[in-house]
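Visitor: One-letter residues, chain by chain:
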Amino acid sequence: MEEKEACTVHDLGLVFFPAFDWAISPDHPEREERLLYTRDQLMEEGLLDLPGIIEYRPEIATEDDLKRTHICIPSVPVVASKSHLIAAGGSITAAKAVMEGRVKKAFALLRPPGHHAMRLVHGSRGFCTINNEAILIEYLRKNYGSRLKIAVVDTDAHHADGTQDIYYNDPDVLHISVHQDGRTLYPGSGGPDELGGPGAYGMTINIPLPPGSGDRELLFVTKHLILPILQEYQPDIIINGAGQDNHYSDPLTHMQVTAEGYAELTRLLQPDIVVLEGGYAIEGALPYVNLGIILALLGMDYSRVQEPNKERDLVIAAPEVLETVKQVVGFLQEVWSKRRDINLDKIFGSDPCWRRKRFIYYDTDDIHEQQGDQIRRCALCSGYRVIHSWAQKRNARESRVAVVHLPWHACTECRNKAEEAYDRLNPGAQLDRVYLQDVENDLFLEK
Amino acid sequence: MRYIIGIDVGGTNTNACLLQIDEAHQGQVVKMAKTPTVHENLLFSTKQVLAEISRDLTVQDWTALEIHLSTTLITNAIVEGKGDPVATIVSPGPGLCLADAGLSIPLSSVGGAIDHRGRETAPLDMDEIRNALRGADRQGAKVVAVVGKFSPRNPKHELAIEDLIKREFPEFYPPTLGHRLSGRLNFPRRVNTSYLNAMVARLQREFIVKISQTLQEKGLSLSPDPREVPERPRRKVFLLKADGGTISLEKSVTRPIETILSGPAASVMGALALTEARDSCTVVLDIGGTTTDLSILVHGKPLAEKDGAEVGGYKTVVPAFFSRSIGLGGDSVVRYQAGRIRIGPERAGKAAALGGDSLTPTDAIVLTDGGSFGDRHRALAVMKEFCQKTGGSLQERAEEINQAFCQQVVQAINGIFAYLNSRPVYTVSEVLTPRELKPEKLIGLGGPAAYYLPRIARLLAVPYEVLPHYEGANAIGAAASRPTASISLRVDTAFGRAMVPELDFVSSLSHPALFDRKKAEQLAIKSVKEYAGQIGALHPGARFEVDEEEVFNMVRGFRTVGKLFSLRAQVKPEVIKVSP
Numbered sequence: 003m004e005e006k007e008a009c010t011v012h013d014l015g016l017v018f019f020p021a022f023d024w025a026i027s028p029d030h031p032e033r034e035e036r037l038l039y040t041r042d043q044l045m046e047e048g049l050l051d052l053p054g055i056i057e058y059r060p061e062i063a064t065e066d067d068l069k070r071t072h073i074c075i076p077s078v079p080v081v082a083s084k085s086h087l088i089a090a091g092g093s094i095t096a097a098k099a100v101m102e103g104r105v106k107k108a109f110a111l112l113r114p115p116g117h118h119a120m121r122l123v124h125g126s127r128g129f130c131t132i133n134n135e136a137i138l139i140e141y142l143r144k145n146y147g148s149r150l151k152i153a154v155v156d157t158d159a160h161h162a163d164g165t166q167d168i169y170y171n172d173p174d175v176l177h178i179s180v181h182q183d184g185r186t187l188y189p190g191s192g193g194p195d196e197l198g199g200p201g202a203y204g205m206t207i208n209i210p211l212p213p214g215s216g217d218r219e220l221l222f223v224t225k226h227l228i229l230p231i232l233q234e235y236q237p238d239i240i241i242n243g244a245g246q247d248n249h250y251s252d253p254l255t256h257m258q259v260t261a262e263g264y265a266e267l268t269r270l271l272q273p274d275i276v277v278l279e280g281g282y283a284i285e286g287a288l289p290y291v292n293l294g295i296i297l298a299l300l301g302m303d304y305s306r307v308q309e310p311n312k313e314r315d316l317v318i319a320a321p322e323v324l325e326t327v328k329q330v331v332g333f334l335q336e337v338w339s340k341r342r343d344i345n346l347d348k349i350f351g352s353d354p355c356w357r358r359k360r361f362i363y364y365d366t367d368d369i370h371e372q373q374g375d376q377i378r379r380c381a382l383c384s385g386y387r388v389i390h391s392w393a394q395k396r397n398a399r400e401s402r403v404a405v406v407h408l409p410w411h412a413c414t415e416c417r418n419k420a421e422e423a424y425d426r427l428n429p430g431a432q433l434d435r436v437y438l439q440d441v442e443n444d445l446f447l448e449k
Numbered sequence: 002m003r004y005i006i007g008i009d010v011g012g013t014n015t016n017a018c019l020l021q022i023d024e025a026h027q028g029q030v031v032k033m034a035k036t037p038t039v040h041e042n043l044l045f046s047t048k049q050v051l052a053e054i055s056r057d058l059t060v061q062d063w064t065a066l067e068i069h070l071s072t073t074l075i076t077n078a079i080v081e082g083k084g085d086p087v088a089t090i091v092s093p094g095p096g097l098c099l100a101d102a103g104l105s106i107p108l109s110s111v112g113g114a115i116d117h118r119g120r121e122t123a124p125l126d127m128d129e130i131r132n133a134l135r136g137a138d139r140q141g142a143k144v145v146a147v148v149g150k151f152s153p154r155n156p157k158h159e160l161a162i163e164d165l166i167k168r169e170f171p172e173f174y175p176p177t178l179g180h181r182l183s184g185r186l187n188f189p190r191r192v193n194t195s196y197l198n199a200m201v202a203r204l205q206r207e208f209i210v211k212i213s214q215t216l217q218e219k220g221l222s223l224s225p226d227p228r229e230v231p232e233r234p235r236r237k238v239f240l241l242k243a244d245g246g247t248i249s250l251e252k253s254v255t256r257p258i259e260t261i262l263s264g265p266a267a268s269v270m271g272a273l274a275l276t277e278a279r280d281s282c283t284v285v286l287d288i289g290g291t292t293t294d295l296s297i298l299v300h301g302k303p304l305a306e307k308d309g310a311e312v313g314g315y316k317t318v319v320p321a322f323f324s325r326s327i328g329l330g331g332d333s334v335v336r337y338q339a340g341r342i343r344i345g346p347e348r349a350g351k352a353a354a355l356g357g358d359s360l361t362p363t364d365a366i367v368l369t370d371g372g373s374f375g376d377r378h379r380a381l382a383v384m385k386e387f388c389q390k391t392g393g394s395l396q397e398r399a400e401e402i403n404q405a406f407c408q409q410v411v412q413a414i415n416g417i418f419a420y421l422n423s424r425p426v427y428t429v430s431e432v433l434t435p436r437e438l439k440p441e442k443l444i445g446l447g448g449p450a451a452y453y454l455p456r457i458a459r460l461l462a463v464p465y466e467v468l469p470h471y472e473g474a475n476a477i478g479a480a481a482s483r484p485t486a487s488i489s490l491r492v493d494t495a496f497g498r499a500m501v502p503e504l505d506f507v508s509s510l511s512h513p514a515l516f517d518r519k520k521a522e523q524l525a526i527k528s529v530k531e532y533a534g535q536i537g538a539l540h541p542g543a544r545f546e547v548d549e550e551e552v553f554n555m556v557r558g559f560r561t562v563g564k565l566f567s568l569r570a571q572v573k574p575e576v577i578k579v580s581p
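So the sequences go chain by chain: E and R.
Sequence positions in the first sequence follow the working numbering and run 3 to 449.
Sequence positions in the second sequence follow the working numbering and run 2 to 581.
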């Protein structure tokens, strides 16, 4: 009611956007039906009538919002559909409500998801095209303070390799991903030794969980690793990429987390902004997990959020599973505590640039990409970056681009060198396009 | 030639109108009447105004007469907490804790659970229910409401409890069952609605009997009498509902809750009957003594409440026009605070010009716009007193009061539109074609409308129209209303099942794989016809339509296993066009 609109601060802002008219393909897990049963559950519970909750209409993200985060190749309109812009825009809506103090917390319960989308976007991978969390983070840094300390805790069963890619060398964004062990699940990455680039070492934390892990393991990691790290880091904002595919009934993963476990995780984490990621047990899990998360965010009792047939279907992992998790947690606790004392030359070599070569597969769109990536090791900033990318889509010509990226708070020297690099690189026989992304100045050039 | 009498029992006055209906179903106002509402005895006011309006009708006219009654009986009973003590038995299943659902009524919670697709996920324990009913009896409950979570998706549990009541607790039979009142999902609202429905059921029964008696004295029989000549028309009294439709008097016995908030609905129907409101967004203002009720027409169609009406602090699932009550009216309090005039929201009492003691906006009208009613001297006296206290000249202050009144109305209108424009939508195409609503025209009715509407319209810079017979246009609205009825159809082809909760209809599909959109639409229309027949909404010219439709493919493990159809079908809402 309009009375609810007034000056009162609500406990929770909800941006619910189920995109009932959008699917990757008719029988794809990321389809119209995905949030249908969730909607039914939330409606039947009468949640939107609760005084602590207010629903917002999602805004549409602009091309500029995307260009602050991504380099879409060949262009934003070709890569991102309207649904993607609304999902990203809805995440921004949620973040704004929190930053403007209209709500204490916000939940962007929307699709399509985004956490597999990397800085360069040739297409869709892992059902994701553009990165909703990253777009909202860049929006916050642009509008509410470029030195905001941000923590992203991604609790999807799949490694958040897209968000990791974007913030791997960013000292102001702590990225923690807890997921099913990459050796057993898409996208394969996310081992505990992926800890960040030379400009942000230790600011990427990956906690792979063995298949079969459940509430016990997830909550152990939360209490003994994630919460102590957050306690020390003292972020201004905690964002939870809330994938729901660790659920025991998820068809794509092999985990044993329950709705109550997710709610408990949310209660412990106390995130400011929650953004839905994956989760494809659309009938047996999503209605209950989403309800549990919402109640936890509202500080309400979620003990009665129980999946039907839980006793029958839930498998409690063997004790050895927890032992394995404890070892990973022990290793990461040590890395975190010693992250500032580590000799980075031993990890990244003593060259003035850190170079790496990567092969990236876009499973959703069947694109093979090769990247040559170099980041300047700079004492004053996190270093400018030059990326060469060759992407091959089936039955299409190879796309070859170069990107010069200037991070937030780049030093003058990096700035000058980046501009020189952009001047030097030109479209021609070797390159289709060249881009310059200067996030701090909101500058995006292409030629 | 036939006649319709419309009666609107308002907070201050009870208005009536007599419409003559021609062959083309167009109405012509023959007569208007009004009497002060006796709050403690609404029936008295109704009888009185009925006598007045029907004075010149012949016995012949009576046989072809319809009476449409918009009464605040049930609304008042709810607001004042009158009615029978109710035992509300709920089966909340898993989810939100019952204590957190924002329900302010005593509940008796039992086991059993149905999930979002209508599967039984936990059975009922009949002994537990027997205990609950015995407890209700001991505590003096007279009526029972039964509501299960997801009961519109599968009414099995509610029906089993009804059956138990019929066999073992006949004193509580019939109970109100949640799924019959609405097929829409919202458990707490369904609980409130069922509770209120049960609470006022006896009041409604008594009301029906009394009205029937009154009319029998006039020679109009309501109950089907086998000795009657078959072609003699029966069932001639209708009650107005919150959605601007009517329900027949005797059928309202099972669903009295639908007659709440008929007042604002009557105003909207009055606007629809008397104007051609085709503008993209028209604001209807019913400016009364205590409040100004605001409703909105979008392309000539009334905007509806998204989830249902709210009455006496209870959120319900009752379909209703979108309506907001602003605490500003002709009898509102006028204050002078910090150099500014503030009006309302409390009622000051009768205007001085009309025999009261306090200064009201009505007195300002009498003094400025040359209102040709009321006692100018009395108005002058209270205004002088006000000017002595606050300084300023008489004309200035009176003008300021008018201005303040209109500005406050405009502020409220702007707030309501800001809220409407922030309401969420759920599909890509809806987000991309945002309907930014803004007032484009004003329609006004109610006593003070003729004076205030031009000023409000000027502040908003929009055209306006004051309805003919603006003082009693809501009675015209009541007369011009037609029956409405709607049902929800849910078809789950994976389960091979179709159901319409409002009808207790559950059926197996003979060929689920062949069931398609067209069949769904046919079934929905067939169901709404049947339902309309049951509640006396099957009027001769009735048209039917599917007004909401959702179809989803169900895919399990990369294989399509079925389709889900959710449809809503209704008797097309209509209004008799009336010439003044």
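The hints are simulated quantities; they were obtained by calculation from the structure and are not laboratory data.
Treat the numbers as computed from the prediction; the structure is a model and nothing was measured.
Ideal placement from N, C-alpha and C gives every residue a C-beta, glycine not left out.
Don't take every hint at face value.
Simulated pairs of lysine-lysine, BS3-like, Cα-Cα distance not exceeding 27 angstroms [as the list claims (entries may be wrong)]: (1) R:LYS157 x E:LYS84; (2) E:LYS106 x R:LYS564; (3) R:LYS157 x E:LYS312; (4) E:LYS84 x R:LYS307.
According to the in silico footprint, chain E covers these stretches of chain R (three or more CB under 8 angstroms from chain E) [claimed, not checked]: (5) 94 to 104; (6) 108 to 121; (7) 337 to 345; (8) 519 to 532.
Visitor: Straight-line Cα separation of LYS157 (chain R) and LYS312 (chain E) no greater than 27 angstroms?
Guide: holds, 23 angstroms
Visitor: Check whether three or more residues of the stretch 337 to 345 of chain R sit with their beta carbon closer than 8 angstroms to a beta carbon of chain E.
Guide: violated (count 0)
Visitor: Need the status of pair LYS84 (chain E), LYS307 (chain R): alpha-carbon distance at most 27 angstroms?
Guide: Holds, because 26 angstroms separates the two Cα atoms, which is no more than 27 angstroms.
Visitor: Confirm or reject the coverage of the stretch 108 to 121 of chain R by chain E under the rule of 3 or more residues with a beta carbon closer than 8 angstroms to the chain's beta carbons.
Guide: holds (count 5)
Visitor: Taken at face value, is the distance from the CA of LYS564 (chain R) to the CA of LYS106 (chain E) at most 27 angstroms?
Guide: violated, 39 angstroms
Visitor: Take the stretch 94 to 104 of chain R, compare each residue's beta carbon with every beta carbon of chain E, and decide whether three or more fall closer than 8 angstroms.
Guide: holds (count 8)
Visitor: Can you confirm whether chain E covers the stretch 519 to 532 of chain R, using C-beta to C-beta distances below 8 angstroms and requiring at least three such residues?
Guide: Our answer is that it is violated, as 0 residues pass the Cβ test (under 8 angstroms) against chain E, missing three.
Visitor: Measure nothing beyond the straight line between the CA atoms of LYS157 (chain R) and LYS84 (chain E); if it is 27 angstroms or shorter, mark the hint as holding.
Guide: violated, 42 angstroms
Going through the hint list in order, the structure does not satisfy hints 1, 2, 7, 8.
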